[in-house]
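Asks: The chain contents come next:
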Amino acid sequence: MSTTALTPAMKLQRRASRRRNALYLVLIVIGLLAPLAIYPVFLMKVLCFALFACAFNLLLGYAGLLSFGHAAFLATGGYFTGIMLASYPGLTPELGILIGTLAAVVLGTFFGVLSIRRQGIYFAMVTLALAQMMFFFFIQAPFTGGEDGLHGVPRGELFGLISLADNLNMYYFVLAVFVIGFAIIQRTVHSPFGQVLKAIRENEPRAVSLGYNVDAYKLVAFVLSAGLAGLAGSTKTVVFQLASLTDAHWHMSGEVILMTLLGGVGTLFGPVVGAGLVVSLQTQLAQSPLGNWVSVILGLIFVVCVLSFRSGIVGEIQKMVRKNFK
Amino acid sequence: MTMIFGVPLMVFMGQLMLGLINGAFYALLSLGLAVIFGLLKIVNFAHGAMYMLGAFATLLGFQYLGLNYWVALLLVPLVVGGLGMVIERLILRRIAHLDHLYGLLLTFGLALIFEGTLINFFGVSGSSYPTPAALQGGMNLGFMFLPTYRAWVLVAALVVCLGTWFVIERTRLGAYLRAGTENPALMQAFGVNVPQLITLTYGFGVALAAFAGVLAAPLYPVSPTMGSSLLIVVFAVVVIGGMGSILGAVITGLAMGLIEGLTKVYYPEAANTVIFLVMILVLLLRPAGLFGKEA
Chain A
124 MSTTALTPAM
134 KLQRRASRRR
144 NALYLVLIVI
154 GLLAPLAIYP
164 VFLMKVLCFA
174 LFACAFNLLL
184 GYAGLLSFGH
194 AAFLATGGYF
204 TGIMLASYPG
214 LTPELGILIG
224 TLAAVVLGTF
234 FGVLSIRRQG
244 IYFAMVTLAL
254 AQMMFFFFIQ
264 APFTGGEDGL
274 HGVPRGELFG
284 LISLADNLNM
294 YYFVLAVFVI
304 GFAIIQRTVH
314 SPFGQVLKAI
324 RENEPRAVSL
334 GYNVDAYKLV
344 AFVLSAGLAG
354 LAGSTKTVVF
364 QLASLTDAHW
374 HMSGEVILMT
384 LLGGVGTLFG
394 PVVGAGLVVS
404 LQTQLAQSPL
414 GNWVSVILGL
424 IFVVCVLSFR
434 SGIVGEIQKM
444 VRKNFK
Chain B
84 MTMIFGVPLM
94 VFMGQLMLGL
104 INGAFYALLS
114 LGLAVIFGLL
124 KIVNFAHGAM
134 YMLGAFATLL
144 GFQYLGLNYW
154 VALLLVPLVV
164 GGLGMVIERL
174 ILRRIAHLDH
184 LYGLLLTFGL
194 ALIFEGTLIN
204 FFGVSGSSYP
214 TPAALQGGMN
224 LGFMFLPTYR
234 AWVLVAALVV
244 CLGTWFVIER
254 TRLGAYLRAG
264 TENPALMQAF
274 GVNVPQLITL
284 TYGFGVALAA
294 FAGVLAAPLY
304 PVSPTMGSSL
314 LIVVFAVVVI
324 GGMGSILGAV
334 ITGLAMGLIE
344 GLTKVYYPEA
354 ANTVIFLVMI
364 LVLLLRPAGL
374 FGKEA
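Protein sequences, first through last, are from chains A and B. Each residue of the first sequence is one higher than the one before, starting from 124 at the first, in my numbering. Each residue of the second sequence is one higher than the one before, starting from 84 at the first, in my numbering.
Treat the hints as calculated values from the structure; they're not laboratory data. For every residue, glycine included, the Cβ atom is placed at its ideal position computed from N, Cα and C.
In silico contact screen, one side only, chain A against chain B (beta carbon under 8 Å); selected entries:
1. F260
2. L423
3. V429
Chain B stretches covered by chain A per the calculated footprint, using a threshold of three residues with CB under 8 Å from any CB of chain A:
4. 169-178
5. 187-196
Sequences and hints are given; from them, build the entire structure.
Replies: Pasting the structure below:
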């Protein structure tokens, strides 16, 4: 192939990536300024769930694997971080988060090896069952506080220097964690590895026939997704100083699916938008007379999304842009 | 008193019986899932909700309309099955051409709606439904005490499971169903009304779940969340057995109930998780499932 034949395509690609970088810059500036306008604790909640949803989307959107058990990783990260920080006062929060994330990686490896042995609908059922097993484990284990959960996890001082008790400091730390997590996902998706994942999603038998070790690719994607979900859970525990069974419940696995679906499966920003909307909705509804109807409303959104809005908000916008500004 | 591995015989048999009853529910529910999956290729996440609706319809029918148990046993599966057919006709059909994961997500949404609505009206604590007069009491078999209602549940569940097997494997309608599972387009070309068959199948699968719900009403507290936790275990049972075979689903269901009962006797801490552990073992040793012939 001559290089001149590729040049227009490369030019287009370069322009697209320049535009993307500008977008990222704008978003980071917005992220830095956001706590001036919005309550930082709410923002941190959104960021944690956004990272959780992005991690989930890496698996569903780019590898085509629907996990119905991602709550297990969120909870594992949260519990391990909580236990470590509560029992070792000298431990700094970033190390606590690292340990929680590693625990989720280990669990993810275990779940991944088991669940990728089945495909499609069975994969979803296997992950759901494994997560439910973890739920029972967390109820019975002596170190999780059972139904009450872990309370009063200290936020501590970042690197032993910066006090995270201050909400603004905490917010910028969470923002940094989110940006790192998002960057890992962005790099993964746009790497050759990500391209192979998409190939597997589109046509697994063909990927096998092309010589790719499909199971290895799926496993790496699964572990990566589990680890990032654990990172989200660990960070969330530090923010709210609490790890509870809510995070391990299958409702949570359902919620992260909804966030991703609503925002747009297989789009980078979809899960962020979805998480923002779902968390806002929950916060708003909790204060309104409709507070008891949250799960019904989430169910309705699910049905509407699947029936008529399958690309999600970001997906629909992308479609519109592509149609009108080609 | 006779002891079995350090456990009194009465206790041992009693727990086995409880396990077998649970197994009967696993069998009924996984059977319904398998029938629906065969033709519609979707996993019905609303199955637990339908089981719960069956139990609630029984309870409410008794409280507000004075319907007795036997009427409920006939009427409730028909009503809930009818609701299922309406759902299939109005909602599921629209996404039949899509990836089957969407069916799972859609029925998950439906399950949230049903469960959430009932929680709002009845809370989560659950109420009890009286055991029908004819089935009260029990008999002493010498080695164990057998409550009549539990014996009835076991018999009724087995009869319905075997009846379903007979209809699907031995009748003309069942032949259509099996053919539709293999190749719906060809069936349609031969002049069989496949969409109607799909509606009926979904209704039937849902009716099985509702029937299980009626059976469960006098046994367990009737609460809006009774279905979802059971359904996840049933999913594990389905993964263990595979959804390819009717008898396979029934046998796996009963066997898992028994294993759960045995665990309760010897290591109660693991009783909640033992079925998931069996699932892990099966995935490692026989990934397609015990009766599975996965493509």
